[in-house]
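Guided by the hints, dock chain P onto chain Y, whose structure is given.
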Amino acid sequence: MSLFDVIGPIMIGPSSSHTAGAAKIGLLARRIYHRSISKVSIILYNSFADTGPGHGTMHALAGGLLGLAMDDEKIPLSLEIAKNLGVEFVFHFREDPEKHPNYVTLEFWEENEISQTISGISIGGGHARIIEIDGNKVEFSGRHDMLIMTYKDICGMVALVGELLARHQINIAYMQISRDANQEKALAVLKLDASVPDNVIETLRKNEAVFSVVAIPRWKETLDESS
Amino acid sequence: MNLPKRIRIKGWNDTLNQMNNFGFEDVFRFFLNYEAKNSENSCDYLLKKMHFHWKTMKNAITKGLEKPNITTSKFIQGGAFHMKQFALSGHSLLDSSYSIMISRILAVAELNACMGKIVAAPTAGSCGIIPGVLLSVAEKHKISEKNLVESLFVAGGIGEIISIRASLSGSTHGCQAEVGSASAMAAGALVYMMEGNLEMIESAAAFALKNILGLVCDPIAGRVEIPCIKRNVLGGCNALASAEMALAGIATNIPLDEVIDAMASIGNLIPCSLKETSQGGLAITPSALVLQNQIKDLKG
Numbered sequence: 502m503s504l505f506d507v508i509g510p511i512m513i514g515p516s517s518s519h520t521a522g523a524a525k526i527g528l529l530a531r532r533i534y535h536r537s538i539s540k541v542s543i544i545l546y547n548s549f550a551d552t553g554p555g556h557g558t559m560h561a562l563a564g565g566l567l568g569l570a571m572d573d574e575k576i577p578l579s580l581e582i583a584k585n586l587g588v589e590f591v592f593h594f595r596e597d598p599e600k601h602p603n604y605v606t607l608e609f610w611e612e613n614e615i616s617q618t619i620s621g622i623s624i625g626g627g628h629a630r631i632i633e634i635d636g637n638k639v640e641f642s643g644r645h646d647m648l649i650m651t652y653k654d655i656c657g658m659v660a661l662v663g664e665l666l667a668r669h670q671i672n673i674a675y676m677q678i679s680r681d682a683n684q685e686k687a688l689a690v691l692k693l694d695a696s697v698p699d700n701v702i703e704t705l706r707k708n709e710a711v712f713s714v715v716a717i718p719r720w721k722e723t724l725d726e727s728s
Numbered sequence: 004m005n006l007p008k009r010i011r012i013k014g015w016n017d018t019l020n021q022m023n024n025f026g027f028e029d030v031f032r033f034f035l036n037y038e039a040k041n042s043e044n045s046c047d048y049l050l051k052k053m054h055f056h057w058k059t060m061k062n063a064i065t066k067g068l069e070k071p072n073i074t075t076s077k078f079i080q081g082g083a084f085h086m087k088q089f090a091l092s093g094h095s096l097l098d099s100s101y102s103i104m105i106s107r108i109l110a111v112a113e114l115n116a117c118m119g120k121i122v123a124a125p126t127a128g129s130c131g132i133i134p135g136v137l138l139s140v141a142e143k144h145k146i147s148e149k150n151l152v153e154s155l156f157v158a159g160g161i162g163e164i165i166s167i168r169a170s171l172s173g174s175t176h177g178c179q180a181e182v183g184s185a186s187a188m189a190a191g192a193l194v195y196m197m198e199g200n201l202e203m204i205e206s207a208a209a210f211a212l213k214n215i216l217g218l219v220c221d222p223i224a225g226r227v228e229i230p231c232i233k234r235n236v237l238g239g240c241n242a243l244a245s246a247e248m249a250l251a252g253i254a255t256n257i258p259l260d261e262v263i264d265a266m267a268s269i270g271n272l273i274p275c276s277l278k279e280t281s282q283g284g285l286a287i288t289p290s291a292l293v294l295q296n297q298i299k300d301l302k303g
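If you read the sequences in order, they're chains Y and P.
Just so it is clear: in the first sequence, position 18 is 519 by our numbering, and no numbers are missing.
Just so it is clear: in the second sequence, position 179 is 182 by our numbering, and no numbers are missing.
Accuracy of the hints is not assured; some may be wrong.
To be verified - No farther apart than 20 Å at their CA atoms in a straight line, the calculated lysine to aspartate or glutamate pairs in the EDC-like style are these:
id	chain 1	residue 1	chain 2	residue 2
1	P	K61	Y	D573
2	P	K299	Y	E596
3	P	K66	Y	E574
4	P	K40	P	D29
5	P	K120	Y	D506
6	P	K13	P	E261
7	Y	K575	P	E69
8	P	K66	Y	D573
9	P	K8	P	E43
10	P	K40	Y	D506
11	P	K149	P	E198
12	P	K58	Y	D573
13	P	K61	Y	D506
14	P	K58	Y	D506
15	P	K51	Y	D506
16	P	K149	P	D29
17	Y	K721	Y	D699
18	P	K61	Y	E574
Honestly, the hints are just simulated from the structure, not real lab data.
Keep in mind the model is a prediction, meaning the values are calculated, not measured.
Isolated chain Y, as found in the complex (with noise of 0.2 Å):
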């Protein structure tokens, strides 16, 4: 631990597992997603079924997918802001004791169709970790520069990303493949000791086996003397 999370995390209240690490949940989930978001809906289990009205749960998921900070003054407006932005947000309760206590899925909508679903559980003092997405385990907190692209599972895509990475000098310090075998479609989830250039992504992204390609800079801290 560190002494932070002692003397922190700077949030808006009332719970730093059930608010804070919500929104946290929420601008994860943004970022993987990242495309524009114009309806989700929001499944909550357990403890963040029951609870989570009290503790302004909904509010948190909402505004960390709107792009709120944890600390944003503006999460308890977030569901009116969503209204005026004109994205949906659609909540549903549900019990699951297989689910860690903390847990919810977002499925995101695009034309009447689901076009992803990421899961994530808070596991207190304001962490979170996202643990699915598209029906694949995946297991991150936003610590690292991530990569995560889906791809044709076919031979020799995992020596490609490598052998890009490596020729930018990027070390991997973790990687992680699933795969959907009725959809012949693969999941990597990589995390990295540095960013991932945008040359690399595109270069990703031409590779015609290749679905789609997301890099997620590392959770940076800042100061903001301004709030």
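Positioned in the frame of chain Y, the structure of chain P alone reads:
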């Protein structure tokens, strides 16, 4: 000074040993370097960061006292504001600075319940204790902001030790882990601020935590309002008294590490119904259930 790449501590005693080994006399300096090593940041940056945290704490006090705070549940209606008016009325039971301290603690805890901007210290539910107590004592004794920020590293270090040996979460160890820890952290920081020695810091933190051992977490309707907000005042007044006893030279018979271990073992024995689940204690009193029923359709 030759410091390793990472510094790991096991408790207060271990902290003292390591301070000795690495040649630190000042516990603030030790914790500053501890954080610098473990987070790979410069000491200058961390001092600036802690200043920023302190500024945010002070802003929360100011904001929480501006007007009567009313939570969406309506359980809380302007406690801090009324307390401030009372403090200014001259009817305080002791010195008015004591009443003002209470109003400041309430202000931050209420602001938190109203979805305002606070610094969790160590948790959001216990966020009023450290800012309220430190500001009031620093003001009275004309302590510089620099010294106050340094004392926050001591508070953070004590909290870090509690998190290592036990937990800072109400759902794991009950309210003693939130309000009790905040109180111990504040007590240690106060002694450091008033230039007490290491034994006094340990005694102050140990007294504060011992006094709150066994306190359960039983919030009404699952909200961080009743009894949490007033328990912040308990934690603040307890920190002040504990620091004064330590500064008077009264020493703890039970070392801080052992008090923390006792907290963990008590916390493990507390049933789940009394650990943030609102299934026991105050949360299921007839009046609490009436309050809970009043807000059952509220989605905010």
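Hint-by-hint comparison with the structure:
no. : hint             : in the structure
1   : P:K61 to Y:D573  : holds, 17 Å
2   : P:K299 to Y:E596 : holds, 18 Å
3   : P:K66 to Y:E574  : holds, 12 Å
4   : P:K40 to P:D29   : holds, 17 Å
5   : P:K120 to Y:D506 : holds, 16 Å
6   : P:K13 to P:E261  : holds, 12 Å
7   : Y:K575 to P:E69  : holds, 19 Å
8   : P:K66 to Y:D573  : holds, 15 Å
9   : P:K8 to P:E43    : holds, 9 Å
10  : P:K40 to Y:D506  : holds, 15 Å
11  : P:K149 to P:E198 : holds, 14 Å
12  : P:K58 to Y:D573  : holds, 16 Å
13  : P:K61 to Y:D506  : holds, 19 Å
14  : P:K58 to Y:D506  : holds, 17 Å
15  : P:K51 to Y:D506  : holds, 16 Å
16  : P:K149 to P:D29  : holds, 15 Å
17  : Y:K721 to Y:D699 : holds, 19 Å
18  : P:K61 to Y:E574  : holds, 16 Å
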